[in-house]
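Throw the hints in and build the complete structure from the sequences for me.
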Amino acid sequence: MIYNIPYIAVVGLILIGLAAVIFKRNLIKIVIGITIIESGVNLFLITLAFRENSTAPIYHGTGSRLMSLPVPHALTLTSIVIGVAVLALMLTLIIHIYRHYKTLDVRKIGGDEE
Amino acid sequence: MILIIDSILKTLTTGSGFWNPLVWIFTIAIVLLLMYILRGFGNKGYKEGTEQTKSFLSGNEEYEKEKMHVKASNVYWGFLETFRWLYKRFDKMHTGNVSDYVLWFVVIMGILFLIIGVI
Amino acid sequence: MMGMSKIVKTIASIAFPLSMIYGLYVIAHGHLTPGGGFQGGAIVASACAMILVAFGSVWTMGKIKEKHLSVLESLGALGFIGLAFFGLIYGINIFFNNFLVNQNVIPIFNEIGKGLANINTAGVLPLMNFAVGLKVIAGLFAIVLVMAYATRLSEGK
Amino acid sequence: MSDILNTLLYHSPALIVAVPLLGAFLTPLIGKINDKLRNIFAIVIVLITSFLVYLLVSDVFSNGIRTYVFGGSSPLVNNSFAVRILFEVDGLNAFMAIIASILAIAGVIYSWSFMKENTGLDKYYTLILLMIAGMFGMILTGDMFNFFVFLEITSIASCALIAFRTNQGSAVDAGFKYIVISSIGALFILFAIGILYSQYNALNMAVIANSISYGFLDKIALVLLISGLAMKAGIVPMHMWLPDAYGRAPSSVTLILIGTTQASLYGVLRVIFSIYGKHLTLPVKTIGDTNLSLSALIGIILISFALLTILIGVLMALKQNDFKKMIAFAAVGEIGYMLLAFGAAITSISTDPLTGSTILATHGEVALKGGIFHIINDALDVGLLFLVAGAIYYATKHSSLNKLGGLARNMKYTTIFFIIGLLAVAGIPPMNGYVSKLLIYQSTFQVNPILSIIAILCSILLLAVFVKVFHSAFLGPKLPKFKDVKEVPKSMILGMGIIACIIIFFGLFPNLILDNIIDPVARAIFDYSAYIGGVL
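Protein chains in written order, with the numbering used here: chain P, 1 to 114; chain Z, 115 to 233; chain X, 234 to 390; chain D, 391 to 926.
A few of these clues could be false.
Here are the simulated PhoX-like pairs of lysine-lysine, each with C-alpha atoms no more than 20 Å apart in a straight line [unchecked claim]: (1) D:Lys871 to Z:Lys181; (2) Z:Lys206 to D:Lys709; (3) D:Lys709 to Z:Lys202; (4) D:Lys609 to D:Lys675.
Incomplete in silico selection of chain X near chain D, CB under 8 Å [claimed, not checked]: (5) Ser303; (6) Val304; (7) Ser307; (8) Ala310; (9) Leu311; (10) Ile314; (11) Ala317; (12) Phe318; (13) Leu321; (14) Ile327; (15) Phe328; (16) Phe329.
Derived from the structure by calculation, the hints contain no laboratory data. Think of the CB as a built atom: it goes at the ideal place given N, C-alpha and C, for glycine as much as any other residue.
This is the structure in structure tokens:
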């Protein structure tokens, strides 16, 4: 049971993020929701890498040779890097949106100007 | 002999028929030629730039150019009017709100879960 | 965004070199310890962002221009892709080939497995880490700088 | 000479992605020297890439699957673990690469004049080359996680390009919507990749396809992959981002966006046909005496999505008054046709009672061919129409159809290109759209007559949509405010001309294309064991 807690947390994080994206009106909160979904997925990948009594995958020469899987760690890192880029892009676009529409309410933006 | 003609004609067989664009072009060329010949039987008295070419609006004056052009939103007015009940729903669907877009995604994902996961 | 008080400025200028060195250490030891180009670059970029917050975006924009950063960023990316292309030319001719390991051209990078904490191991990996680090430092700092500058403009109106 | 060609051919899968990437990072440095040089540089980079695509494609169609491993020589480590990143190119990948390269060439040439009046063109060319690199990466990769990375690269670059005209609030808004949608979709795809990795300890598509079983977690992964990729491909009712993004981006960007959308569609096909290909004939449910197999289930799902997509896309297009938004909705409808064909093909998959292998019925084969042919036709037709819309915007600075009129008198070439695109999209002979739609109608009629009736009806409505555009933009009296409108510059005509020539060529010689390109692709899609054999 205790090993399932991370997976429950993953599903919880994804659901919280989705709820934030769907029900919140502020653009910044929508972005926060996406970031929460992303942390949920990252947590899932990290959890996959875990082995009991394992160490970080660094070559020591001596000691315990049981290491956690390095591949999901690499995946998580890549996904974090991509997440940073997406986050920066979204925030930049929000700055522009605020300049044009003078609001961050998701219902009030996006109409055609004509 | 028939086989050779067959293979030239049936460039694209679809199971129940065939399609050859070259034959089609040949046919359309003949039809165009016929049309041109028919056009030659027409009245020779047509002159450009006289009152013959003026639009006939039941005797009224012709409007200016901008007003004469039918606007895009007026085209297919009847069709759009008939299906207004349908378009009302479509408009309700296309809110232009990004939260709704994600909501549709989640709904579809849920439906697919029900269909694929449960069955 | 205007600069903050004198205390903040002093502390920031003391902490800046320390965090800078720590970030560069993480970049340089990317192939030996956890971390690497992106992580170290993010540390250095956040050190720069700290300076930005303390001294204000106008002052920082006077010191360093965004277009210089974008050139640095291009150079970092070019270094990474260029190293990958060098793999095509040397050795067994594979894209992303680690051409500096087990060869006789530049033996300094040849020492894989000899000393565990030796920085000259692992062939092209440290070089790629440097390239990625350069790109991340320039890229992240440019993003933060431009955003701070942009919000300054909208507040001024 | 042939030695160099052989080396290039050997490395072509990697170089097709790496050359635009290198070009993308060199562009800002070259842009510091000279603007014209930078434009020429971008075009040259795309031409080199297309040449590499040509080499790769001609080899794949004659010699079969080509696998390229990064950083090593064998895909397997210790004969068991497939940890290395690899590109695996079979007929389907090669076919998508052809589409991507045609769109990339036309888009880059077109943007020379089209974007001349904008500032920040260094970044524009960097982003467009990044987007092309990401698109090729998505198409060519044989690794699930790599697919996700390239998906994100493409969506980040294209989002920045959609919002390129930051002085228009609607463009920025469309970019924001696109990035929200695509990042959420991509995160769910990543989640599915994690699920698959946790079970089969591999990220390689072929290895996963080899060892996949159809348990509960695989079902979840299938749902997540299909719904995430379907959203990126713009399938109703997850299409709403598409008219915004297509309609508000610069036209040259829209052209390449079509390519990325179809790369996502390629992802759907790869997931269904290759990764889950082993279990397509698996009976999942018994109702009475008949077994409902997975292929029938997925086929019915795809067909119902397709009908929704066609109907809503076309009906909404009829109502729009904005030129580009109208074409965007028509593009949604066109995606439905491909999906309809693939759905019809999947329903006809069954197990051969004698050999036990999976076979495709004859009408399924025709449907598969029609669907594949329609992918390239849709990209060309809709792309040409978007370029025409861009040309009209360039000449008149209007995109609302209510304000346009009488342009045929001033812009002859553009009008001709529009007529070609109109006939092709509506499926009028002798354009290419007719051939693929004919195949689709024929095959879906054998699945269920109602499907093909709806398809034909919507095709007629599509013609009506574009007749409306033709009437209100090109016909009518010469409006006084457009007195001084001139024909667009040469590079834009060249960009449109390339696509128009290909459309006419495909229309006049469909058998050439069908025999030499579509047939191997149809066989490659269906043959999942060959795809697995490319790695293991």
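The hints, checked one at a time:
1. D:Lys871 to Z:Lys181: The hint holds at about 13 Å.
2. Z:Lys206 to D:Lys709: At roughly 14 Å apart (the allowed maximum being 20 Å), Lys709 of chain D and Lys206 of chain Z satisfy the hint.
3. D:Lys709 to Z:Lys202: holds (11 Å)
4. D:Lys609 to D:Lys675: holds (14 Å)
5. Ser303: Ser303 of chain X check passes; min Cβ-Cβ to chain D is 6 Å, inside 8 Å.
6. Val304: This hint holds: Val304 of chain X lies near chain D, its Cβ roughly 7 Å from the closest one there, short of 8 Å.
7. Ser307: holds (5 Å)
8. Ala310: holds (4 Å)
9. Leu311: Since chain D brings a Cβ to about 5 Å from Leu311 of chain X, closer than 8 Å, the hint holds.
10. Ile314: holds (5 Å)
11. Ala317: holds (7 Å)
12. Phe318: holds (7 Å)
13. Leu321: holds (6 Å)
14. Ile327: holds (6 Å)
15. Phe328: At 4 Å from the nearest chain D Cβ, Phe328 of chain X passes the 8 Å test, so the hint holds.
16. Phe329: holds (4 Å)
Checked against the numbered hints given earlier, the structure satisfies every one of them.
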